[in-house]
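**Student:** Chain by chain, the residues run as shown.
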Amino acid sequence: MKKTLENQENLWLKQGEAVDIIVEDNKVKGVVLKTGAVYKAKAVIIATGTFLRGRIFIGDRVFEAGPNGLSSTVELSDNLKKKGMKLQRFKTGTPARALGKSLDYNKMEEQKGDSDIVPFSFMTDKIERDQVSCWLSYTNERTHEIIRNNFEKSALFGGQIEGVGTRYCPSIEDKVKRFADKERHQLFIEPEGLYTDEVYIQGMSTSLPEDVQQEFYKTIDGLENLEIVRPAYAIEYDCIDAGYLNLNLEYKEIENLFCAGQFNGSSGYEEAAAQGLMAGINASLKLDGKEPFILDRSEGYIGVLIDDLVTKGSLEPYRIMTSRVEYRLLLRQDNADLRLTEKGHEIGLVTEERYERFKKKKEAVLRETDRLLKTTVGPGEINPVLMDKDSSKVINRISLAELLKRPEISYDYLIGYYPPKEPLTRDEKDTVEVNIKYEGYIQKQQSQIERFKKLEGISLSEEIPYEEIKGIRIEARQKLNKVKPLSIGQASRISGVSPADINVLLVYLEKRKREKNR
Amino acid sequence: MKENTIVAIATPRGEAGIGVIRISGPDAKSLLQSVFEPKNKKEVENRRFTYGYIKDGDSLIDEVMAVFMKGPNTYTREDVCEIQAHSSHVTLKKIISLLIEKGGSLAEPGEFTKRAFLKGRLDLPQAEALMDLISSKTELAHKQALKQLGGFTSHKLNEALESLKEVLVQIAVLIEYPEEDLEDINKEELKEKISLIKEEIKDLIDTFSSGRILREGLRVSILGKPNVGKSSLLNALLKEERAIVTETPGTTRDTIEELLDIEGIPVRIMDTAGIRETKNPVEKEGVKRAKEKIQESDLVVLLLDGSVEIEKEDREISELIKDKKSIILLNKRDLGKAVNIEEAKLLFPDSPVIETSITESMGLKELLEEIGLMVEREDAESLEKAVITNIRHYELLKKAMDSLEDSLKAIKDNQPLDIVEIDIKEGFLRIGEILGRTVKEDILKEIFERFCLGK
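Just so you know, the protein sequences line up as chains H and E, in that order. Quick note: the first sequence uses this note's numbering, first residue 7, plus one each step. Quick note: the second sequence uses this note's numbering, first residue 38, plus one each step.
Mixed in with the good hints there might be a few duds.
Derived lysine to any residue pairs resembling SDA-like cross-links, with alpha carbons at most 25 Å apart [what the hints assert, rightly or not]: (1) Lys476(H) to Ala153(E); (2) Lys477(E) to Lys40(H); (3) Lys174(E) to Leu512(H); (4) Lys40(H) to Gly22(H).
Keep in mind that the hints were calculated from the coordinates and are not lab data.
Given these sequences and hints, build the entire structure.
**Tutor:** Set out below in structure tokens:
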């Protein structure tokens, strides 16, 4: 990856600790490094992770630090506050790293990787490599007892930590306390890499003192002789409420200043990567004087992630979840390229090679769908095929697509009898199969999306004096004023804004339009 | 995208010969045709009044005049239909519910006017008024709707909401955390659970057009000391002499039932024997029966003799009815005002007190209004448990039930949980809407409260 970056044309990598940003007329102009060096810039992206005023807690030991033994940055935090940014404290944690050779793998359950590796990239057809296993083990009553006896030594319960923690990754002392009747908690031993013996004890983050960690880890099957390389810790850091951002991740009060990742109150790698990408794209579009690139909730998980963060604000560490996604039947991984490649191509982020591939796949999916819809079979030949799957017989001719809608008939089974001229790739098959099998549901979501898009399409980008619109309830006026939504759709998702408020807003917009035209 | 077609009762509540239902939107005509049968079976023509019937399948609901007006030269600039029906509120609601069943949506307060404005009609000052109207009316409507949701109904709905939430949390955990060693969902149990909720909702929906009060009438008993004017009241209400009225106390020995129509609500009036302790065996039987009737009635109308002081017997009667909805009449006001109205209110703090003189026809109208209010407004639910009277509730319940039905079909078809969840969630959200709660975040919250998850 580093090499890819180094080879990127027009990209110059510099390293150093940024301690301040330069702002003139509410516009960002550059950054200042700790060394005193000044880098002028037309746009700046803040992505401070958990480093901003990072503070680590291990039992009663508290010290300023970033993750992984790196130092934290305090000066930047002070200077951002001076620029008027409101910072809040969030908290997360990480488990201990241990030496693999100190573990007894015979006492744990092996968790093999997928035998059929689904590549992350659509440019990769197949991945063939030996996979390293993970190992599953469980805590037990003895583990819990040690943890319980040391509750007061945990920084989490000691009151030293002010930051808001995530619900999604509780520490082990949290689990033991909150789920007291649970007899065991599972943990995974995950290798840190192919070229190291270090392992990560997933599920066991803690802020208990190092000696207590040593003690309770060793009660676990397979970990009896555990050698800790680095202890677990809790870390607290500064971040903003993403409610202060626009949907293009630009900070509302300072032009050309973009923000991404944990700094925006999210938690998790994918969440951070997605925002980094979007902040980068939008910073560059802004400088080119182009329209911002915003994915909406019907276009991708990224859209849901950023819309949630910006529209609802981040009051606790945010994690993307399937349950947050309204149109998840359409937002699948098998069709991610079909959904997004065209958009990426428009902003110049897609290579011709990738684009060609995408067009080929799109065509293949269409062709095969068409074939399944048009190919019909008679009862005489198909009934024996159906009987093998306990599927009910047909009386009249029926299309392959119609058959594929039956839950018990899979695409692979069907093409065993009726193969296409050219075989499809895994992704293509998945897309064809899902589109046909769940056609009714997909159509339902599609029509919901149409309704959604209509509200999304009514722009609120101009300055609207919400405080002056009497018909809107006061609470809603204040919220609208804070978020300054870009569309009626976004406005309708702000908590505290009712459908009636939205109707009043619609009438107001029409009224204003007519007044202007007079 | 096609706009939805909205329906609403356009005329105000109250006594009138006809009531108008308005339909607006792209499907206005087909929606009208789905419930309206012209007498001569001809096509409905543009801008021509047609005489015919509103029918729900084969059953006749009302005899009406209907008109279809093609847009854009209409109030909303959309296709508009109007139905002139008989104005009984029950009939109008019935027609609205039928239109909703056929695919119409209930209009929001001010929505016809909003559409008119957004499509270019109305001038700017009217827009100001409209903006005020939308917010104030909507808030009021929501408050009233919530109030109309009786304790029993909202209890039932809360239960349904909780059960659905439990199911959704279970499914969501399986979808979000496939790696956790969690128990799989038993499809049979899931089916049973959802069927049960669906049935409960169906029962509630059924009460909308055929709740007991609407079906059998509101049971009202008339109560009071002998000779205070109970039978006169009944007769006045019926405007005909049915019960025997004499000068001797204790003549009405049996209880008599009569049926009235108040604002379309059937009201069953039970004239009861005067309540007093007596040694006469025939009368004793009558008193006993009267006490039973009180228990059975939804509403008690208590007559006090307003021309004399409140007596011990009156106080005893007040004890008998203290757990009942009641209306107090200070009767015989023409003969004198020995009891003042404050005194009576003190004795019956929870009941409306009306001064009447039955023989002079004074206060009768107020009494009828009060009974009408009891039924129509928030008291309807406490009188008749679990009844749906609000059209919006009906609409949302219908949607919830349809979604749950879809989910049951999906389970039956062996669809994956991902698919099943979509319909269950839809039902869950609709029920939350009825209860005036946003429940979207509830599931995630519950997951992390109930399950120990995460790295």
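**Student:** Against this structure, judge whether each hint is valid.
**Tutor:** Outcome of the hint check:
For a cut-off of 25 Å, the pair hint linking Lys476(H) to Ala153(E) stands: about 21 Å separates their Cα positions. Distance check on the hinted pair: Lys477(E) and Lys40(H) sit about 46 Å apart at the alpha-carbon level, beyond 25 Å; violated. Among the hinted pairs, Lys174(E) with Leu512(H) is consistent with the structure: their alpha-carbon atoms are about 16 Å apart, no more than 25 Å. Using a Cα cut-off of 25 Å, the hinted pair Lys40(H) and Gly22(H) holds, with the two alpha carbons roughly 7 Å apart.
Checked against the numbered hints given earlier, the structure breaks only hint 2 and satisfies all the rest.
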